[in-house]
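Below are the chains, spelled out letter by letter.
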Amino acid sequence: MARFIIRSLVSTFITLIIVSVALFLLLEVGSGDITVKILGVFSTPEQRASYRNQLGLDDPVYLRYIDWLIGNEWRAERQVGFDLVTAPNPQTGEDTWWADVDGQLIRWSLEEGELMKLVRQEDGSTVASLADAVWTTDEGGQESFWGVDDKNNAVKWVRGEGAEVWVLTKAGLRKEGDGPQDYIPLRKGLIRGDAGKSLQYGRPVSVTLWPRVRNTLVLAGVAFLVVMPLALIFGIIAGINEGKPIDRFISVTSLGATATPEFVTGIFLILIFGIWLQWLPAVAIFTSADAIFENPALLALPVLTLTAVELGYVIRMTRASMVEVMGSPYIRTAILKGMPYWRVVARHAVRNALMAPITIIMLHVNWLIGGVVVVETIFGYPGLGKYIFDAAIFGDVNAVEAAAMLTVIIAVLTRILGDLAYTFLNPRIRYA
Amino acid sequence: MAVAQPTAGAVPSQAPSRWAKMWKSLSIIFESRIATVGMVLVLFWVILGLISLVWTPYPPNASEFTQNLPPNTTNWLGTDHLGRDILSRLMVGTQVILLKTRLPWGGLVFPIGVAIWGVIGSVLVGAFLGLNAGYRGGWWDQVTMQFLDALIAFPVIVLYLVVIAALGQGDLVVILAITVTGAPGVARLVRSLALDIKTRDYIRAAETRGESPWYVMFVEILPNARGPLIVDSMLRVGYAIFAIGTLGFLGIGLPPPDPDWGNMVNEARKNIFSNQWAVVWPSVAIASLVIGLNLFADGLREELTRYQK
Amino acid sequence: MTRTNGKVPGGPVLSVEDLAVAYKIRGGEIEAVQDVTFDIQRGEAHGIVGESGCGKSTVTWAILNFLGANGYVKRGGIKFLGQELVGRSGEELRRLRGDQIAMVYQDPMQALNPSMRLGDQMKEVLTVHRGLSDKEAEKRCISMLERVYMPDAANVMHRFPHQISGGQQQRVVIAMALLNNPALLIMDEPTTALDVTVEAAVLDLIAELRRDFDTGILFISHNLGVVARVCNKVGVMYAGEMVEVATTEDIYKNPQHPYTQGLIRCVPKLGSDKASSMLYPIRGRVPPPNNRPPGCVYGPRCDYFQDRCREERPELRKLPNGVEVRCHFAEKIDPSKWQPSEDILPPKVRQNGDKEEYIIEVKDLKKYYEVQGSSLKDVFGMSEPRYVKAVENATFNVPKGKTLGIVGESGCGKSTLIKTIIGLEDSTSGDAEFLGLDITGDLTTRTEQLIQELQMVFQNPDSTMNPSYTVGQQIGRPMLRFGTVPKGEVRNEVIKLLNLMRLGANYYDRLPRQLSGGEKQRVGIARALASRPDLVLCDEPVSALDVSVQAAVLNLLLEVQAEYGTTMIFIAHDLSVVRFFSDYVAVMYLGQIMEIGPADAIYALPYHPYTEALLSAVPIPDPSAKQKRIRLEGTVPSAISPPQGCRFNTRCPRRQLLPDGGKICETETPPWQEDERGHRIFCHIPRETLLTFEPVIQTKERAV
Amino acid sequence: MLVKDVMTRHPIMVPPEMSAAEAQHIMTENLVRHLPVVGDGKKLVGLVTNQCFAMKPDTMISLSVWEITRYLSNLKVQKIMLSVKEGKVYTINFGKTVEQAARIMTEHKIGCLPVVDDDGVVVGILSEIDLLRSLQEMLGLPTKGVRVTMRMPNKKGQFAALTGALAQNDLGVMGIGSFPTPRQPGYYDIVVKIPEVSIEQVRDILSQVPEQEIVDIHEE
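These protein sequences, in sequence, are chains A, B, C and D. What the first sequence shows, in the numbering used here, is residues 1 to 432, in sequence order. What the second sequence shows, in the numbering used here, is residues 1 to 309, in sequence order. What the third sequence shows, in the numbering used here, is residues 1 to 704, in sequence order. What the fourth sequence shows, in the numbering used here, is residues 1 to 220, in sequence order.
No lab work stands behind these hints: they were computed from the structure. Any given hint could be a false lead.
[As the list claims (entries may be wrong)] Not everything, but these chain A residues come out facing chain B in the computed CB check (under 7 Å): (1) Leu255; (2) Gly256; (3) Ala411; (4) Val412; (5) Leu413.
Just so it is clear, the structure is predicted and the values come from calculations on it, not from any experiment. In this text, a Cβ means the ideal position worked out from N, Cα and C, and glycines have one as well.
All chains should be modelled from the sequences, with the hints used to inform the complete structure.
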């Protein structure tokens, strides 16, 4: 058993690595110059180049992948020479980067050729003062300094050679002098929960993503709770009545339900309950991300749509498995031992019959996520699916990466759960 | 049993004609009511699509009528929010899915639809990977399955989104997307079949003849996997249509000018309060075609396994 | 307490009368079983023998009314303890099943629920039927397990089926069946899935339990020998009908029905060989249930066929000697005057001269497989690699044109050995030469020439042919591949081979699914011969076939050998078949050849103790034969860590003959004791001592 | 000799819900005179004997011909059987001796005893026939031989003298029985069955035994 679990964990780990590389390459490399998306098509090549430098896009791909995945302050620390730490911004609560110099959190800025030191106070405000002479001289006689700027980059200033950079502000692009020569945009990396800034919203992806994830978990969770018992019961009923009218009815209905695309099911549900019967709001307006908690009725149609599709699928799996088990020699043994029928079904058949569906259902979770995207789009439900979709359409690389990685992780974790459940249910593996 | 000459009449001596053989293998479909219903549904749309190649009631993209008409004598299924005839649009919508593929070069058109090409692609790729993984085992298997696991871990829709985000819209891109998403499933199926078939003695016989692995895989194993593979492909065409519809609904499916069922639903949805018919018809079209294919595949599978028993 | 066959107070336990079972199929129905009649008295074991598809199992399902959705009892009655079973309600039947009627199945692994502990599966028989408490039930189950000689019974209760061996699983199933002291026990091929020594132990157990519990047993088997050992009455079924019912003695000594006579002529007697005796297959094949001939079902295959047999269906009638038989002419048939009909040609057996030219020479061949353990250490590859020692120091030579038979129980390494020779696996160490060419490597290291010379015939007729290609394509493929035949002549050449296999040219375009098992096996042989190999390896080529077909295929192989002078290595688990077919025999146990030599020397004194045990376990289709009873204790040790010294030492019943209780067997590898004929025995016990044993089997004709 | 060795195993049993007519049919068809009635798990609940079918005269008189038919067809086994609950059935445990069983049967003048195990589950039936068969077997009936009855005083060593004489002449015994000589207190008659020997031989040998006399000798 240990072998089986470890195998599954190792395989999962490798899977995640492959997925992350593939995702990163496809999106970062495949989607072309993202500065165009951010700065607009009317930006000049010069502006884009400057901005690329600020985003660290000129680094080699492998370095960018590592930065993205596990962060880069360790790389910056070697340049700056101090520990780099984060501290929350008192206004927004977002993390900001500082250099930890003997217990003092410090940033620097270059103003009119003079290096200023910004020391963070207890309350989060900063006190500026002239920095000590910290310039270092390299072989070429150039005096430079690596520090942390006020935009969370580790940057390299060169004395007397303030570069001209284009800075994106709320008002648009602005040209600034005294800019750094080189940037390392500081980040903690995906595995430490920092997915970078959303290009669409300008805020860290993690901040915008979590409420959406929560909403989707509510949606999928409720659907799951509705689907599972119903599906298993109907599947077992159909399975033990193979070939009889009730089985035909359940089978064909569930086939119809799975084969109908979610958006068709959704539309019909809207037509029936929203427009003809007017029992439920046809178009849900989610005023805020928390709307579902204030008005749970809004959940009804999305849950119903998801349920219809998933129910059919799980019923069919359970039925097929049940039919197979009921035809097996050990069920024959149990019947010929004179066991009452209900006991044969409950004690001998169900456990064996559930082994296969549980793994398959767990594998099916990423299919469910596909359904979630559609359902959330139809109903305008502020969840993870819609987030991915919007981000993909906008080309919000960071957001898509993070959200896609998250769905992959969810899919992979459920698969491990499925494996574990299977291991637990199947004594041949448990006691191998 | 030293006299092996069969008694007369036990086995028909003259071989039946080719047509009779074909009819016999087709008749299995009619043994199952489910498969028959499925086939009728599918054939209905195929025929409608074929007709639309030469004739439609009205030009599908021309806004010639009053907007949002309910079904009536001139427009049997009504009109949409731009005053286009829904029936004509539905008919033409079949083409791209089942009958033709538009190549990006100078309006070239290739026969057979996007859904089917996508499935053919995934079957080719999947069969190749699955056969190698299943038959060769060892490292081939480890690496292939690891790669496929990674691909399967992607939620399908995300994979579509990523592919389309990277490559843009187009018939070929949709085919590619269907191929990429379908191949892992086919590969898994073929692998499991190959694992089973490779234990058979006739594979040992081929190996003791010194046949190359490629010969064993493609000549000895693959033909014996065709039954489940055909059924699976049929289901996959259904899923491909399902996916094309979904992509169309999300507005990232097949590009214009040809009408796309999913997109028709999406557009009509915006006027759902004023015109419910426009949203019902394309929905029904997609659902019926996918369900038809599923019923067909399901019935066929049932009959095939019963035949084996 | 012997009772006559008349009406006995209390009546029979089971009485089946004119039973007909039909299955509904598309557009009609098939009568799988017709007019079957027999009685089982208390404490009597009633066998039913017959080839596959003759309806044996259908009878058992009918008794238990477990015929599936489309089967039903069409006519006749089944009385259990005087009460009609047909037409009883489901609840009444349920109360009988497992309580008064119990069943033992062919494949115990399949019959036990894989995800329930054995104890729970046993206990519920008592808790449901008897309403016993769990604790009480547990106690009873353990004592019943001990009753069937299950080692470590209390512990077995907590295990899952996959954790015990096949023989032990069958013991559990038997114990479970006996828990409620049933009046009738139905056993459907209970030992078919087991190895011969395990089978012998289980059969002993069945006989013992029958005495102790006075249970009526209905024993289904295709194996005449097994039935002879267990049953006192036998019914022979053919094509859904009972053609003969008689006491076991009568069936084997004085068979009345031509089919029974034919069956007995098909089976090689243990100890008979191809030079001195012959097998006579029954011509034709069993008709499928939907295409049975009118009149006598056996008519088309019968040597005594007359017009009356075509027109009138014989009834099962009782002859003056008490035998019931379904034949018009039973009294007039004298089996001793039987002559094989002209179309059954005895195979020519080639007697080679004494010129012993070895075609294959194997010396100290070893095949180890690396295994992966399941502990954490193993997963990370930190532990020592461990090996399954599948074949250890195999040494043998086969002269040109002769046959070497290899026998042994499952897992003894015989299959691995021939896989290594043919090149499906490479060898770990040792030498192997074929006509002077090295064959220690696998197929990729061999030349086309060499590959062509070594071919193989496989066990399972259903998987020996690729279902997607015609017979002609499959036989023709080796010819094309090796270029032995010019392209244009392949068809003719294939047809020639088909004719040699006694198959007509019209088989060329058939697909495998249109062939019967025996025909498929012949095509498999033809395919192996297509490249004109010098050495053909046969992996249990007849073990999956019915006896009548088995005889035909064996004869065919003999004929092939005579025609082409092909050398053969022949694997089988059936000692009679190996003896019949081979010139030389090797006995393997746990990867090691224990005894090797001319066939007659293996089956006569002196024996290796393992050979002796094997021979004493073989079921012999002759109830009058006296067989020494030697049963091996325990199970075969793991091939990963085989016992030190002699691999058989843990189970050897003869060890005690050596000083110190055979201490030497645990420490030292035995020597090869060889005589002038090349008969070698791998044992510490001196040849002289081995010679003093009694022969294992003594029949009136010959002692083995 | 214990009950379990003599009894008939796996007797025909019927459920209490069975109709009396069917039970009677089973009895005649299978030539049995007693039917144990069992509930779940073969637990004994009653016994049907031939007498059970005899209708009480007053019941018979009170019914018309048509009513009798209906009455009989509706009659269930549990209505007519001797019930265990009412204490009307005598049973015996399978581990008891044959003598104990015979004693119960003679004491209560009954023809059969259902044999039960420790849980009251029916494992067999013991009828007069079974006892008589055991008597035959005790005296070695089925085998051919010389049957001799010896009369001897009831003293120690007498039996040893008899067997000693047989043993000296290399004779075996395959059936034996003893009972007090009727009308001659202080003496015992011992019946011995000796196979593979002639009457003369036996007479020669046994007439030599002191204090004993051959009462009867013949070949069977």
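Against the structure, the hints come out as follows:
no.	hint	result
1	Leu255	holds (6 Å)
2	Gly256	holds (5 Å)
3	Ala411	holds (5 Å)
4	Val412	holds (5 Å)
5	Leu413	violated (10 Å)
Of the numbered hints stated above, the single one contradicted by the structure is hint 5.
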